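Participant: Residue numbers (numbering that gives the first Met the number 0), protein chains in the order written: chain F, 0 to 129; chain B, 0 to 412; chain U, 0 to 130.
FYI, nobody ran anything at the bench for these hints, they're computed from the structure.
Here the structure is a predicted model, which is why all the values come from computation and not from measurement.
For each residue, glycine too, the CB sits at the ideal point set by N, CA and C.
What the simulated footprint calls covered on chain U by chain F, stretch by stretch (three residues with Cβ under 8 Å from a Cβ of chain F suffice, anywhere in the stretch; the number is not a length): (1) 38-49; (2) 57-64.
Short, incomplete list of chain F residues facing chain U, as computed with Cβ under 8 Å: (3) 48; (4) 53; (5) 103.
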Amino acid sequence: MKYILLMSGTKAGVRNYQAWCQTDIDAHMSVLRNLQKELDESGEFVATQGLAIPDEAKIVRGEKDGLPVTDGIFPEAKEFLLGYWIVDVRSPERAHAIAGRISTAPGPQGVPTNMPIEVRQLVTGAQKTS
Amino acid sequence: MPALDIPIEPLLRELAPQVLGPVMRRFREFSLAEDAVQEALMAATVEWPKKGLPENPRGWLIQVASRRMTDYLRSEIARRKRETAVAVEMDQVAPPDPGTESDEDDTLILLFMCCHPALTSSSAIALTLRAVGGLTTAEVAHAFLVPEATMAQRISRAKQSIKNSGIPFQLPTVEDRARRLRAVLHVLYLIFNEGYTSSAGPELRRADLSQEAIRLARLVHDVQPQDAETSGLLALMLLTDARRLARTSPEGELIPLMQQDRALWDRGQIQEGITLLSSTLARGSMGPYQLQAAIAALHDEAARQEETDWPQILALYDLLRRLSDNPMVRLNHAIATAMVRGPRKGLELLDQLTTDSRLADQHRLDAVRAHLLEMAGDRREAVKHYRAAAAKTGSLPERNYLLRQAARLASEP
Amino acid sequence: MKYILMMNANKASWDAYANWSKEDLERNVDFMRAFGKELREAGVFVSTEGLAWPDQAKIVRAGENGEPITDGVFPESKEFLAGYWVIDVESPEQAYQIAARASAAPGPGGKPGGVPIEVRQLLSGFADLGL
Chain F
0 MKYILLMSGT KAGVRNYQAW CQTDIDAHMS VLRNLQKELD ESGEFVATQG LAIPDEAKIV
60 RGEKDGLPVT DGIFPEAKEF LLGYWIVDVR SPERAHAIAG RISTAPGPQG VPTNMPIEVR
120 QLVTGAQKTS
Chain B
0 MPALDIPIEP LLRELAPQVL GPVMRRFREF SLAEDAVQEA LMAATVEWPK KGLPENPRGW
60 LIQVASRRMT DYLRSEIARR KRETAVAVEM DQVAPPDPGT ESDEDDTLIL LFMCCHPALT
120 SSSAIALTLR AVGGLTTAEV AHAFLVPEAT MAQRISRAKQ SIKNSGIPFQ LPTVEDRARR
180 LRAVLHVLYL IFNEGYTSSA GPELRRADLS QEAIRLARLV HDVQPQDAET SGLLALMLLT
240 DARRLARTSP EGELIPLMQQ DRALWDRGQI QEGITLLSST LARGSMGPYQ LQAAIAALHD
300 EAARQEETDW PQILALYDLL RRLSDNPMVR LNHAIATAMV RGPRKGLELL DQLTTDSRLA
360 DQHRLDAVRA HLLEMAGDRR EAVKHYRAAA AKTGSLPERN YLLRQAARLA SEP
Chain U
0 MKYILMMNAN KASWDAYANW SKEDLERNVD FMRAFGKELR EAGVFVSTEG LAWPDQAKIV
60 RAGENGEPIT DGVFPESKEF LAGYWVIDVE SPEQAYQIAA RASAAPGPGG KPGGVPIEVR
120 QLLSGFADLG L
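Turn these sequences into a full structure, and let the hints steer you where they fit.
Facilitator: Put into structure tokens, the structure is as follows:
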């Protein structure tokens, strides 16, 4: 069963993250790297992507006279997608456990960030990238 | 049965353009010929390990590809209602100029076709890697992280563009040669950059792209050793690639040039690059690739970063700005200025850049500004700009690098 | 350059979709299929996914003892990702053009939906700071 694990944040949250000290950043990266390795080895990993911070993001609505209508507003408090993982697992509980691992990744002073990770089942079949 | 103890892949890649040339000539067609050669290469991958290497591998491939071509064309003729339609299409590829029958010219002609300025960069890159580099569609797709079907379609459309623009299978005219050659070198440079700038780690195949670019650049250099910019590009690639192992940490973190462990640099490759460059410069010519190679050589020659000849590098950037003024060159020029005349002078140059930089380079501007502000001792402003750059970049390794610099500076007492 | 084109909707929109007529649904599915085909033929297609109904969605946080805490309660206004396309194009403008096409997907009665499509650049693995 394929699940997508979505990590979102706000502009304030991103600014917070950018202010972490080096050891905290490294520790956080290290946990995610180890998780990546595990998922590669277990064969549960399908894909992961990070999204660029939405300063240049656009919302496109419909088409007037052939030109896309764009609107670049992302209010301060609005949550936007930061990145996702796609995993191929035996049960929803396993997907939740992996999401829990991501949420446990440490933040400042080693305290888990406890970021909420949204877990959704995919209805189309995600292909493994390799 | 003789065991196959030489690796097939490199041989096939080398032979690919040498097979496509004659097949194109015989049938006076490019698009189907390229497909036919791909199929012949695949057949070889399957058969040669089983039956052993043919006595004349190139001849074998030409024969198999030609047979596929005949099959294709027979079914084309059968499909069409009027045979004249097929004949007309065949004539759209101009007959080869009888004066240019050599194999080397064929490879060059192929390169000129695949790198035609009418194609988008990504089309030219994909087509060059397959038709001239002999990579499979899957390999090219993997290198660019797109599905195989997408890459196949991209290449197919590139070939259609070539067909539609009626590009002849012959060397460009003398008037056009310089411009077309620049297009070829540009594509090779882009391929090299794709391989070189990708992060190390599990994507080791991406690093092969740099090797592939070097191999293709050597091909072009072998065919026209007198062309200075070709030599310059090859030298630049060798001198840059020589540093690859020092560029990323074991965890995949980016390490800038000034902080790299120079013991990891490939001295042999550096020497090769310098020798090539010296012979080129001795001819008295000067072009952007040669200049960039000369700058790379100055970095590579310094045993320690403190020994870098920055005044000479600055002089070269002054020259380069006159030949090829783009935001990246200006940023590097600002850094060199800072190293010679102090960070404030470098920052002044950056101020001139703020108004005309393309959006895509904005994060680089912030990153360089942060670096120079740090040099100038303005820690708070430097942190601000490192973070601004991190927020703007579309690159994960860059973002991590920039955040770590900000974090480092912010935590210093 | 890789971009992700995302279709988001809140619960009300999802529920409205569930009440579309058979013709409206089929017309929309046909459009999506044709759209995907266009992307593939243009050589820009990387991937596409549809996500399951948000009433099955869970938010997971780290628990005290390593057990993840899951929660399925969401505010009415929360937007859920319905699906996305990842494309590989030459410029942001090309991404917006393609997003405009997606946004024209037909809604009830076959009228172009004008669904807002969020266009975001994906982070690449390249690094070329020139430092």
